[in-house]
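*Asks:* Please dock the two separately framed chains into a single complex, following the hints provided.
Here the protein sequences come in this chain order: A and B.
Residue numbering for the first sequence follows the working numbering, beginning at 412 and increasing consecutively.
Residue numbering for the second sequence follows the working numbering, beginning at 8 and increasing consecutively.
There could be a bad hint or two in this list.
Below, computed lysine to aspartate or glutamate pairings styled on EDC-like, alpha-carbon distance capped at 20 Å [to be verified]: (1) B:Lys17 / A:Glu470; (2) A:Lys532 / B:Glu54; (3) B:Lys17 / B:Glu54.
Chain B stretches covered by chain A per the calculated footprint, using a threshold of three residues with CB under 8 Å from any CB of chain A [said to hold, decoys possible]: (4) 20-33; (5) 59-69; (6) 74-80; (7) 88-96.
Calculated directly from the structure, the hints in this document are not laboratory data.
As the structure is a prediction and not an experimental result, all values here were calculated from the model.
Glycine residues also receive a C-beta, built at the ideal position from the N, C-alpha and C atoms.
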Amino acid sequence: MTKTHTRITEKPINIQQAMAFIQDPQHGAMANFIGTIRNHNVGRDVISVNYDVFIPLAEKVLQDLCKEVRQQWGNDLNCFIEHYKGQLNVGGISVIVMISSVHREEAFKACRYIIEGIKHKCPIWKQERYVDGVSQWVKGHALCAKT
Amino acid sequence: MSEKIKLSIKFCGALRQYVEDDEFCLMLSKKTSLLHIRQLIISKIREQHQSFNNDSLFDHSAFANETKILQEDQIIDCDSRLTVLPPVCGG
Numbered sequence: 412m413t414k415t416h417t418r419i420t421e422k423p424i425n426i427q428q429a430m431a432f433i434q435d436p437q438h439g440a441m442a443n444f445i446g447t448i449r450n451h452n453v454g455r456d457v458i459s460v461n462y463d464v465f466i467p468l469a470e471k472v473l474q475d476l477c478k479e480v481r482q483q484w485g486n487d488l489n490c491f492i493e494h495y496k497g498q499l500n501v502g503g504i505s506v507i508v509m510i511s512s513v514h515r516e517e518a519f520k521a522c523r524y525i526i527e528g529i530k531h532k533c534p535i536w537k538q539e540r541y542v543d544g545v546s547q548w549v550k551g552h553a554l555c556a557k558t
Numbered sequence: 008m009s010e011k012i013k014l015s016i017k018f019c020g021a022l023r024q025y026v027e028d029d030e031f032c033l034m035l036s037k038k039t040s041l042l043h044i045r046q047l048i049i050s051k052i053r054e055q056h057q058s059f060n061n062d063s064l065f066d067h068s069a070f071a072n073e074t075k076i077l078q079e080d081q082i083i084d085c086d087s088r089l090t091v092l093p094p095v096c097g098g
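Isolated chain B, as found in the complex (with noise of 0.2 Å):
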């Protein structure tokens, strides 16, 4: 039985309206890709509203921790906090 691991995952911008109190977790195997998760978010976000066609912002969203953009071959080996940033438009 592969190890789990806790990921809970908060989201910003447009990306709010497709999450309950802007954040959800996951349950994965140890040692899953960045890349994985992404994947894995926009089924998540599928299940939960049949009409979801805005693949396109996810694919265009990073992930960061509260210090960095994260690179997509990052492999996530514990419980981690991740945020999905959209493209961005400050100023």
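For reference, chain A alone in the conformation it holds in the complex (with noise of 0.2 Å):
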């Protein structure tokens, strides 16, 4: 039976408890990505960010991107997804993506495909802090076509 975890969380992410829900005797590969705050962003010294997410949306979105990646790759895949809504410091973790899978591609393929859609589909946002005071939202992709 596959497992699934997907959640938008204002806890700090666990990466020791992502790699226990997803771990699997009959799998081989775990492929992640962790996506943490760095220090800079175009030109300017970042010192946080701040996490907006509408939720009820944002946690379908993140099993309907489960749904797609085993329909392309495979209903034996396991999926821990978790985002961070929240203000983050300089090396915070913001999202964890982990799946498991009998053999590598599948994974890689797949972890990389959430990402993406995370980045592209999912209604999250985020406010940059800088060392000047200044905050300010970050740009994104639109989830409507362009009146």
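*Replies:* The structure is reproduced here in structure tokens:
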């Protein structure tokens, strides 16, 4: 039976918890993406990022992404996805995508597909705060056709 | 007299700065399109923020309920709760 965990969380993301969830004696591969806050963006020094999330739709998008990767790369994938909501300092973990599968090809591809899906489809926004005290919302990908 | 419906609109991300408490209400004629609602929102924001000049942000924002993005030509014909989603950048 496959395992799925998708959540928007306001608690620190726990990598060990993700690994413990995803492990499967029938699987020989685990692929993961861990997003962290870096200290620079487009030439500015970042000190923190605040994530805003429209939670009900975001969690549905994460569930849909799991369904899509199983349709493409097999029903036996295990999926663990969490995205943080709230403020994170530099080094903080904003997102984790962890996939396990029988072989590595499916795990790598599913993992990449999901993180790209999060970036382009999930209702999540980030506001960067810089060392000079200024805050700015990061430009993103429109979810609608331009009017 | 046309029947009115109540539309509660929540804002996310960069749009929050234009509304108090991240949400406001509109009383509309029944069977109003999202396209028209978008224009009404921009007008109302402009009333409250004299220096508002960010039409592009609203033009590129999507309407959604809790389970899906809504199409622009969708007609709203009952009291509803919608959320306006600016361009996304998670991860």
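*Asks:* Against each hint, give a clear statement of whether it holds in the structure.
*Replies:* For each hint, the structure was consulted:
For the hint pairing lysine 17 of chain B with glutamate 470 of chain A, the CA-to-CA distance comes to about 18 Å; that is within 20 Å, so the pair holds. The hinted pair formed by lysine 532 of chain A and glutamate 54 of chain B fails the criterion: a straight-line CA distance of about 32 Å is larger than 20 Å. Taking the CA atoms of lysine 17 of chain B and glutamate 54 of chain B, the gap is about 18 Å. The hint holds against a cut of 20 Å. Look at the segment 20-33 of chain B against chain A: 3 of its residues bring a Cβ nearer than 8 Å to a Cβ of that chain, three or more, so the hint holds.
Counting residues of the segment 59-69 of chain B whose CB lies closer than 8 Å to any CB of chain A gives 4, which reaches the minimum of 3, so the coverage claim holds. Here the segment 74-80 of chain B counts 4 residues with a CB under 8 Å from a CB of chain A, which clears the bar of 3, and the coverage holds. Counting residues of the segment 88-96 of chain B whose beta carbon lies closer than 8 Å to any beta carbon of chain A gives 6, which reaches the threshold of three, so the coverage claim holds.
Checked against the numbered hints above, the structure violates only hint 2.
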